[in-house]
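S.K.: Each chain is listed here by its residues.
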Amino acid sequence: MRPYFEKMTSFGKELKKGAIKRTEENVQAFIEAEKEIDAAVDKVKNAGFSTEKINARGQMTVWQRLEYLVDEGTWRPLHTLYNPADNVEGTTNVIDGLGKISGKWAVIIGFDNKVMAGAWLAGQSDNILRVTDLAKRLNLPLVWLVNCSGAKLPEQETFYANRRGAGAPFFRHAELEQAGIPILAAIYGTNPAGGGYQSISPTILFAHEKCNIAVGGAGIVSGMAPQGGFTTQMAEDLVVKAKENRAKPPGSVKTHYDATGFFRYVYEEEQGVLDGLKDYMKDMPAYNPKFFRVAEPKAPAFPQEDIMRLLPMEPKKVYDFDEILARLVDGGEHSEFRPGYGPEVYTGLCKVDGFLVACIGNRQGYLGKGYPEYADYPGIGSKLYRQGLIKMNEFVTLCGRDRIPVIWFQDTSGIDVGDIAEKAELLGLGQSLIYSIQQTDIPMMLAILRKGSAAAHYVMGGPQANRHNAFTIGTAATEIYVMHGETAAVATYARRLVKEKEAGNDLQPVVDKMNELAQKYHDTSRPLFCAKTGLVDEIVKLADLRKYMEAFAGSAYQNPKSICPQHQMILPRIIKG
Amino acid sequence: MSEEILAPLSGKIVAINMEIGASVEEDDEAVIIEAMKMETPIYVPCDGTVKEIKVKVGDSVEEDDVIAVIE
Chain A
17 MRPYFEKMTS FGKELKKGAI KRTEENVQAF IEAEKEIDAA VDKVKNAGFS TEKINARGQM
77 TVWQRLEYLV DEGTWRPLHT LYNPADNVEG TTNVIDGLGK ISGKWAVIIG FDNKVMAGAW
137 LAGQSDNILR VTDLAKRLNL PLVWLVNCSG AKLPEQETFY ANRRGAGAPF FRHAELEQAG
197 IPILAAIYGT NPAGGGYQSI SPTILFAHEK CNIAVGGAGI VSGMAPQGGF TTQMAEDLVV
257 KAKENRAKPP GSVKTHYDAT GFFRYVYEEE QGVLDGLKDY MKDMPAYNPK FFRVAEPKAP
317 AFPQEDIMRL LPMEPKKVYD FDEILARLVD GGEHSEFRPG YGPEVYTGLC KVDGFLVACI
377 GNRQGYLGKG YPEYADYPGI GSKLYRQGLI KMNEFVTLCG RDRIPVIWFQ DTSGIDVGDI
437 AEKAELLGLG QSLIYSIQQT DIPMMLAILR KGSAAAHYVM GGPQANRHNA FTIGTAATEI
497 YVMHGETAAV ATYARRLVKE KEAGNDLQPV VDKMNELAQK YHDTSRPLFC AKTGLVDEIV
557 KLADLRKYME AFAGSAYQNP KSICPQHQMI LPRIIKG
Chain B
5 MSEEILAPLS GKIVAINMEI GASVEEDDEA VIIEAMKMET PIYVPCDGTV KEIKVKVGDS
65 VEEDDVIAVI E
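Just so you know, the sequences run in chain order A and B. Each residue of the first sequence is one higher than the last, beginning at 17 in the working numbering. Each residue of the second sequence is one higher than the last, beginning at 5 in the working numbering.
To be clear, the hints were calculated from the coordinates, so they are not data collected in a lab. Glycine included, C-beta positions come from ideal geometry on N, C-alpha and C. The reader is advised that the hints may include incorrect statements.
As the list claims (entries may be wrong) - Pairs of lysine to aspartate or glutamate, EDC-like flavour, derived with a Cα cap of 16 Å:
no., chain 1, residue 1, chain 2, residue 2
1, A, Lys33, B, Glu30
2, A, Lys32, B, Glu29
3, A, Lys33, B, Asp51
4, A, Lys333, B, Glu33
5, A, Lys332, B, Glu43
6, A, Lys32, B, Glu30
7, A, Lys385, B, Asp68
8, A, Lys32, B, Asp31
9, A, Lys33, B, Asp31
10, A, Lys33, B, Asp69
11, B, Lys41, A, Glu330
12, A, Lys385, B, Glu66
13, A, Lys333, B, Glu38
14, A, Lys37, B, Glu30
15, A, Lys33, B, Glu33
16, B, Lys41, A, Glu502
17, A, Lys33, A, Glu321
18, A, Lys32, B, Glu33
19, A, Lys385, B, Asp69
20, A, Lys29, B, Asp31
21, A, Lys37, B, Asp51
22, A, Lys333, B, Glu43
23, A, Lys37, B, Glu67
Said to hold, decoys possible - Per the computed footprint, the stretches of chain B lying under chain A, defined by three or more beta-carbons under 8 Å from a beta-carbon of chain A, are:
no., segment
24, 8 to 20
25, 36 to 50
To be verified - Over 12 Å on every C-beta distance to chain B, these chain A residues come out as not near it, computed from the model:
no., residue
26, Ser217
27, Gly245
28, Tyr474
For reference, chain B alone in the conformation it holds in the complex (with noise of 0.2 Å):
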């Protein structure tokens, strides 16, 4: 079973906190987004597994963008 983690504001990806294939576990910080010049952190919504990280630190997500799925 897997789980997106979806960019909830749209901005600037300024820090990726996770590498595919580690563990993690809920609440660790994945990934920072840069918006209205505020650091938004995202967290992980589960434990488990990095199976897919779908964005590099600059670029620029929409709201809802799948920025990693965890398995």
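Bound conformation, chain A alone (with noise of 0.2 Å):
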């Protein structure tokens, strides 16, 4: 299949100087908007103690086990502003991505030490949920550092029980397990019922020699029946017994090394238990990179930096979306499928990483003459019309039938409405889309360049695809919701102001709720706020876009359940004719 995939049709070109000229104050813009995001990324670091305070106390933090762990430049951050819950801590105090460690992929993930001793919070387990889930559809290795100090007790009601609470991510260890999923932990520190099982549920335990693992920790075994009350005498008893088990909690490696032999290997060095798993990740299943490479990786052929030019910070300017993703693939080169059909909708195959993709994008703009066939009105890209959705079908089902890992763009207003679209099946094939992909078992990616919007948002392949959308991100441009704040405004009040109007009433009031609607959403639709409640999982500068399509490639390709053999790929052949 040489042919195919050694040299691809070139795309995109150069960009002129009229638009380097024209586009400074959109580069500025981004500028500024990512700014913002590394400072709330910063704060999110920089929780709870110092890393001086905790490095005097002889323990590394996590982001120093993960910077030693992880193969340098290989770091895809995931859920680092994920705070659903909104704690007051500012995070959900796991820190978790994709990284290489011993040159090969993992889901990675540690408790932020610095934060109560990696306690237990809120939004937690739905954290750890989306990171065992993404091992499940890249198969992955997980690796978890743990260092869990158990439930920040005062506030247990509202993470501990529930069906996706603190205890789910145990069953879920289980699952991975019996999928064959290996999960590595290396454990540091005090870890206490909640914490306990945190350690004990993994595959192999690699301990630190200071560490502990309990059903219950000092504390409780501290503790006492309840006896109605506290009194004086009884604080004082509490006094004596907390500092005897504090002295020799249980659980230590003593019990858990020489008796139990929970732990697989213990280390005197904090930096011992890192080594130990990174020796152990040279073992983990994974093909050669050069098993699937359908070519030698290539740089893009264009400036990625580009990119910050050519992606309108303004959500209603339009946009050249092919000149992007020239800039993201190797070498500027595609295949594009069905080039003259469904044009508000890009398919085609590249290659990331000398691996091939499949990539799907919404184009923008006026779509020409006698677009869409159906109607008398004209279609403008990022809304999409009975053509471009028969074309994602096609395209997505023949990726699975090929097991082609799909990365999904999305800059999309949402699917054509009215009685004329209706007519024309949308409603159908929309669903039919969502019906295509779950018949597929391939990862996806979802990149949301700017506007995730409508029904659209889901049908391609958006987080909602939960059996196939292994991460989702976001730019300092992306803004996610159900429509456009003052679309939903006029939905929401239009009856109303016929009303008023009729009463002879003022229409002021409805006007002022009008625009505090249309309000609410841009603030509940902007980057923060997408990345603190999960609707991306991450937001990534545009520079960072492709190490983040690099990253799933290698990921989809490192050790899938499933093969089609290269020469026995159709899609090529259907594009070629």
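Join the two chains into one complex using the hints; note that each chain is given alone, in its own frame.
M.R.: Next comes the structure, spelled out in structure tokens:
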């Protein structure tokens, strides 16, 4: 299949002087917006005790552990700003992402030991479940840096119980192991109760000599049966017991290495534990990339910095999606699927780091005379029409058949509406695309370049595709909502306006409410909100988009459960004709 | 030799980014047309001088209307 993939069709063109000149303001707008994201990330990184304070206790912070563990330049953080319960700590207290360890991709997660010694907080189990879903979808080892002091007791009602509560990850660990996905755990510090199960549920336990894991920690062991309240004498007794237990907490290395043997390995040094993980990762199942590569990796043909000029921050401005894609894929090369059909959507095969990936993205702007063919109104990109939906259905189905991972790029305002569109079967074709995605078993990632809106956000490989969407990234220009805030205000208050008008009342109070609603939509659709609430898994700088695509492609091809031999693929032949 | 800039779609002119007599380069943004809630920039097709601008902000244009002439 070398003739199909070694040199594919070139696309994209160098930016002209005029384009560079007129986009300077856009570049500055992106730089400012990305600074705002950086500031929020720094806040999470600096949550809790200082690095110096943790180091003074003889411990590394979770960030230092990650830096030591992960191969240089391969860390792709996810969920950094995720804090769905709005914890005062500003974090769910786990740090996770994709990274290479000893040359192999892994999903990596660790408790932030700077914040309440890695306590369970609200929203944390949802974060962990996203991570276990990721390991399952990409069939990657899950690597844990456990350092968990157990539940933040004064707030236990917000996370301890419930269907997706703090115990759910332990079941999910079992599920991963049953699916043949190994979980390696480095264990540090004191891990009582919940922390104990965080430690025991992985597959192989690498322990630091000062760690302990237990059903109940010193705090509980020091306790007593409830007696209807507390007295000073009881408090005095507690002081004595707590001192004893603190000096000798349950579940130390002496118990769980020497007696139970739960710990497979024990290390004197903090870094030694991580060296143990690194050593084990060398033996994790993984194909050599050459097994799946269709060509030698190439850098994109044009500078990725151009993307800051090509993607307008202003949501009403149109742009050329193909030019952005040409700056993200190997060599600015592709094989486009059905180029003359469904012009509002790009579908094509590209290479990322030498791996074959399928790319799908919304095109923008006027779609030309006579399109959509079923209507007497003009078609404009970012919206989906009949042909585009049919094309995506075909493409996704063929990608499933050929086992080609899919990268979606959304900037969509929705699916065409109105009775004419209904007659053109768009409602049915949108759901058909969902059926087509669900019919496949291939990993997908999604980049929401700008708008993710209406049902198009679902059908175009949105995170709602739980079984397929490995992760979703956004940019500093991302906005996600069911519809634009002003459209929503009209939909909500139009009737009310008519009533007030007919009654001869002042319209201003309703107008104020409309403006309020539009503002609320704005505030709850911006990148920081999307990241905090988990509408995206990370907000990524435009300069880093390709890095996430490389991580996705490398991970998807590291150890796939199902293979299509390159010479038996049908999609490249259909494109060639 | 002169070249016309035509409106590729019908809509409203919301910005004019050139002046009569000014030098322009290929791919400079000439005007912006708003249609279907989106702003579509129309680019200068060649290097030259703006000879004529036939629209003003707020005008409605039809497809293939002449927007400007570049000489």
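S.K.: For the pair supplied as a hint, Lys32(A) and Asp31(B), confirm whether the alpha-carbon distance does not exceed 16 Å.
M.R.: holds (7 Å)
S.K.: Count residues of the segment 8 to 20 of chain B with a Cβ under 8 Å from any Cβ of chain A, then say if the count reaches three.
M.R.: With 3 residues closer than 8 Å to chain A, the segment 8 to 20 of chain B meets the three-residue bar; holds.
S.K.: Given the hinted pair Lys333(A) and Glu33(B), is their Cα-Cα distance within 16 Å?
M.R.: Holds, because 12 Å separates the two Cα atoms, which is no more than 16 Å.
S.K.: Is the nearest Cβ of chain B still more than 12 Å from the Cβ of Gly245(A)?
M.R.: holds (65 Å)
S.K.: Do the alpha carbons of Lys333(A) and Glu38(B) lie within 16 Å of each other, as the hint requires?
M.R.: holds (9 Å)
S.K.: Sort out whether Asp69(B) lies within 16 Å of Lys385(A), counting only the CA atoms.
M.R.: holds (14 Å)
S.K.: Please verify whether Lys33(A) and Asp31(B) have alpha carbons no more than 16 Å apart.
M.R.: holds (8 Å)
S.K.: Count the residues of the segment 36 to 50 of chain B whose CB lies closer than 8 Å to any CB of chain A, then report whether that count reaches three.
M.R.: holds (count 10)
S.K.: Please work out if Lys332(A) and Glu43(B) have their alpha carbons no farther apart than 16 Å.
M.R.: holds (5 Å)
S.K.: With the threshold set at 16 Å, check whether the alpha-carbon distance from Lys385(A) to Asp68(B) stays at or below it.
M.R.: holds (11 Å)
S.K.: Under the criterion that the straight-line Cα-Cα distance not exceed 16 Å, is the pair Lys385(A), Glu66(B) satisfied?
M.R.: holds (12 Å)
S.K.: For the pair supplied as a hint, Lys33(A) and Asp51(B), confirm whether the alpha-carbon distance does not exceed 16 Å.
M.R.: holds (11 Å)
Violated hints, in rising order: 10 and 23; the structure is consistent with all others.
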